[in-house]
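Got chain L; can you put chain Z on it based on the hints?
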Amino acid sequence: MLAALAAAALLAGPAAAQEEGGAARSPGALRPFNLVREPLGPDTPGGTLERGGRCRTDYVIRARVERFPGGEGDDVAGPLPYMELDGSETITWTNASDDAVDELWFHVYLNAFANNRTTHLEEADGRLRGTKVTEGFGYTEIRGVRVAGEGGADLAPSLTFESPDDGNEYDRTVFRVELPEPVAPGATLSVEVDWHSRLPRVRRRTGTKDDFMLVAQWFPKLGVYESGRGWNCHQFHAWSEFYADFGTYDVELDLPGQYWSEQGAKVFGTGVRVNSRDRGDRVVVSFLAPSEEDRARTEASGRSPLVHDFMWTADTRYVSYIPTDENDRPVPFHFADWAERYPDEVERVRAALGPDVKLDLRDVTVEVLIHPERLVQAKRHYDATCATLFFYGLWFGEYPFERITVVDPAWGAGEAGGMEYPTIFTAGTSLFTEPEMHSPESVVVHECGHQWFYLLAANNEFEAAWMDEGFNSYADSEVLHRVYGDSRSVTRYSRIPIYGVQLVPTGNARTGRTLSLRDIDLFSLDFVGIHSDVSLQPVVDGGFVDWWRDQPLFTNSPEYTDPRWGDRARYRNVPDVDPIDTWPWMAAFRESHYSNTHSRTACVLRSMPALIAAARPGVDGEKAFLRGMRTYTELWRYRHPYPDDFIQAFQEGDGVDLDLEPYFDDLLRNTLTVDWYVQDVEVARPDRARGVFMDDGGSFVPWTDFIASARPVDTEPTDAADGGTGTTESTDATTAAEPRVVEPDSRGEAEPDPYRIEVVLGRRLDLALPVPVRLTFADGTTRELVWSREEQLAKRTLTLRFESPQQLRSVEIDPSKGYFLDLDMSNNQWFADADKRVPMRWTERVFSQLSQQFQWQKGIGG
Amino acid sequence: MSQPKKRSSSPVFVAALNAALRRPIAWMFGFAGVTGMALVASLPVYRWFADTTANHYAPGDQLHHLDRNFRTDHAEGLAQLLRTVGTSADWMMVLAVLLGIFSAGGWLRTLVDPRTHAARRLFFAGGARYYWRFARLAVLVILVLGVLGTLLRHPDSLSWQNEVLAGWPQGRTERATSELSVVWMDWIRNGVHLLLFSLVTVWATYTRTRIVLQNSGSVVVSGFSSLWLLLRHPIATLRPFLILTMLELVLLQAGGGIGRLVQGGLESGGMWRVTLLFAIGGVLIVAREIFDGARYAASVAVSRSFVRPIAIDPWSDRIGGPGGPQYPVGPDDDYSIAV
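Residue numbers (this note's numbering), protein chains in the order written: chain L, 1 to 862; chain Z, 1 to 339.
Hints listed in this document are in silico derivations from the structure and should not be mistaken for laboratory results.
Glycine included, each C-beta is placed from N, C-alpha and C at the ideal position.
A portion of the hints provided could be inaccurate.
[As the list claims (entries may be wrong)] Which residues of chain L face chain Z? A partial, calculated answer using Cβ under 7 Å:
id: 1; residue: V540
id: 2; residue: W565
id: 3; residue: R837
id: 4; residue: V838
id: 5; residue: F854
Bound-form chain L, shown alone:
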């Protein structure tokens, strides 16, 4: 009870603080933002591990949807038709925490779309996915809350809306009710909630457009109770997602009759549809999530499949695509088919995880809901989903449900695309795409991948969004790379894609647009009171004319992108503003949040194999990384991990005697970055030695005798080259390089002396990770060494001096390009020979583009 009170006090903190400060809540008063300032850290009550919710919540929901015509005068709905939903639910909550709980906290996510002053809309500057929200608002009104059963207590009188994160009085996305008596640990409580909703015009993830409905976050949903920490029930923020208990969903929907067709109900959702009935002007469909069969299964860990959300969708124009065999039977995802296609990957995983690990995966029915005009892309959606089921399943464990559904949002409802829900997810595509463009493949793989990082390992997306988005961004690129290779950039002319890009942007700025006749501003008529932005656009961009002008077939430059490196490009934009482990809405700005949550986290994961291999030479970093990730995903399956849980699970599982804690601290909870570089390479061949030289015995001897004493490689101290300490010290790394010392017998009198080589490596910025270095000589031999973390912390440069009979061909820091965190990889290597073709090649491309442009422009004159 005390713990519960402490937790309540914690959550009530903002309000309490506000009251203490004397700032009364009144309309128009300045809202106190960010009253919760610090993420919960290792010292938080509840400990560092197992602090995620352990309770279970089961839902039985009944809802009826009615369609209403919109109207130009309707400021709330706007001109489009809208839907209203009346629902009731019975929530059965099992308190698996260590605390007795005397209140319940609920999310009412739809209220984020009620007005433009909600926390969600304010954080998004009133724009959702690029569209300013001025109409199509949606909301949920709570009509009743009571303890289930006859004579159950009415909880509505104690209902209060809360804004635990920012005190925003206009935000009604969280409410709480007090219970007549606490729910003891291990006890179960059922409550009934009635509500009425107007579904918003789909602007972000949820809503309607014409007949299309994608209804997510649509029912009052219990927050997550965490032992020692209380209810974790944040407001609906623009930059964060969701967090809910695992459980089961039994849902019945009653919709207008238009959603019935000859093929049955055009209504789909999480789990499986168990019943659908045509009642003339109504359609009634029922869902179970997970299915009865899945609920009955018990995995090796002793756990059974559960989900933590329910989404449904309906559209009169949906075409359901499930491939069938020659006997018209559905063809499910089948592990063996894919294992046959990628045997090396199966072997790689087996080698990493050991022969006893069960790798084969269950069959899964994959259904694609697509619109008729994009039907030709249905197979591509299907294949990308199967690829994800295979690779993610292989790496992170089996997808446990019998079915998965891919949704292609309707035209004009693209804002519903690219979002994950249990056993169902939305993609998003357009006409005229090719697989080489990775569209829709990339979004399908990513959203499908969330079934592992969101559904199965269900981290708190409010507080550690990077644990699902970042992990998934890492893995989706790996799948894309293996299945689809590099993506090819295109330039679109009248929506038709042509491979390649025009290198030189013409029509730059205002003057450039005028000079190139793209946009000639007419004189302003302001002085006569006419405000106009009329301009002439003789060669305005867009369309077939551009195609004739550009002649892209031979002026475009090819552009390919390895999907794995895409994350680095985005990470590099905002590499060091916030630590990765930051609550999303506390990030300095939106781009910092997105970079950290998606790209930087992906780069950290992708750099881990290199880090492990460099820190423990001889260890296969890739395999160790796979073991660590597998341990994490298996340990936290159907559970709620926090960052420390990941770190601990990974370290336990990777099988390497290496303390990764300092590295994870630097990478996840700090803003350190790094740039290694080859500062200088000097190769000299002095004149042949003449005269006599003093040997170790103090006698002067000829050069050949002198060199025969096998003078070791110079381990002279190195100077700080970047304003470092300037102290001198020797380094083991020079010895580790094992540069060759010339054997005296091997050199004839006429042979020239060996090359004297000096290589200086440097490190900018403050992240120090062990990094491999490779030297390659003219005869093809190589020498490798590791520049250790300790050496880097002690000194920012490393100087290698040695002699070699072979000319040095190249010096490469991180030669396998394993560190995706390196801010600048262009300075990581030095090659003796420059490729003279490269500057000519790109001059030619620019020349080709410009000469065609000029030739075309010349035609305007005559």
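Relative to chain L, chain Z alone:
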């Protein structure tokens, strides 16, 4: 109306191509001007890539395409470089238009005048003689194209078209019920733009031809006259242009295909592949110049069939002594004067 007299058995476009091909000074002038400007504008690219790649990349790296890391690591430098080149190119666009004005006069003078042996003198004389008239016409063309472009593509105009033609409330494409309907609207709009754009350029060509043929001083009058010609004889006037454009299209596609083949093997090939790409680009520019000339030649041939006799004095170049018989010199005349 009398039927146009057939001057040659070969189709107009063939004769036009032949005539253009036989005036190397004209297409060489255009080629030199266009490629010269492109070369000047692209020189900084050579310097930048030479400095940037230098000893930092393995031979063969970045040869076929600039990989993601290169684009990321050099994002700022590369963007700055290309923006600078683009800004230079913007200024050169103006020069290109002026070059076109001069070149048009040169082409027409050499095509109207039968003396191929004096083509160089005629080309420059023509370029200078009609420069200001054609410059005025260029302004008119830009104005007309500007009005068309604005009508078709200004955001307000787009909304209006969407609302009226497609019935989308407020002209917002998101109100459409399918992506395909949006695509069709785009194609229709862009198709109309292409058609009107092409017609304006054809009209401008006939107008220039009429100015030369009739030595007209009024661009506007000639413009209306040529417009009337186009409206009265659309098939005869447009057919050779359409055929020539189709041929040019085929040639460019073929050139593009060859170019892509050459690019495909860049990583394993030597400098000759890069050189070959330069050559392909140059050859295609020459070809486009010849096609431009052929369009003028076709315009001259068609115009001569419909407009009143040319204003250029056919006797200005003649043989024969004063007081005696004089003969005009045609392109096929073979003559010599014995002293």
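Now for the hints, and whether the structure bears them out:
1. A cut of 7 Å between beta carbons decides the hint on V540/L: the least distance to chain Z is about 4 Å, and the hint holds.
2. At a threshold of 7 Å, the smallest CB-CB gap from W565/L to chain Z is about 4 Å, leaving the interface hint in force.
3. The closest approach between the C-beta of R837/L and any C-beta of chain Z is roughly 5 Å, which is under the 7 Å cut-off, so the hint is satisfied.
4. For V838/L, the interface hint holds, the least distance from its beta-carbon to any beta-carbon of chain Z being 5 Å, beneath 7 Å.
5. Satisfaction of the interface hint for F854/L is found here, the shortest Cβ-Cβ separation to chain Z being roughly 4 Å, below the 7 Å cut-off.
Violated hints for the displayed structure: none, as all numbered hints are satisfied.
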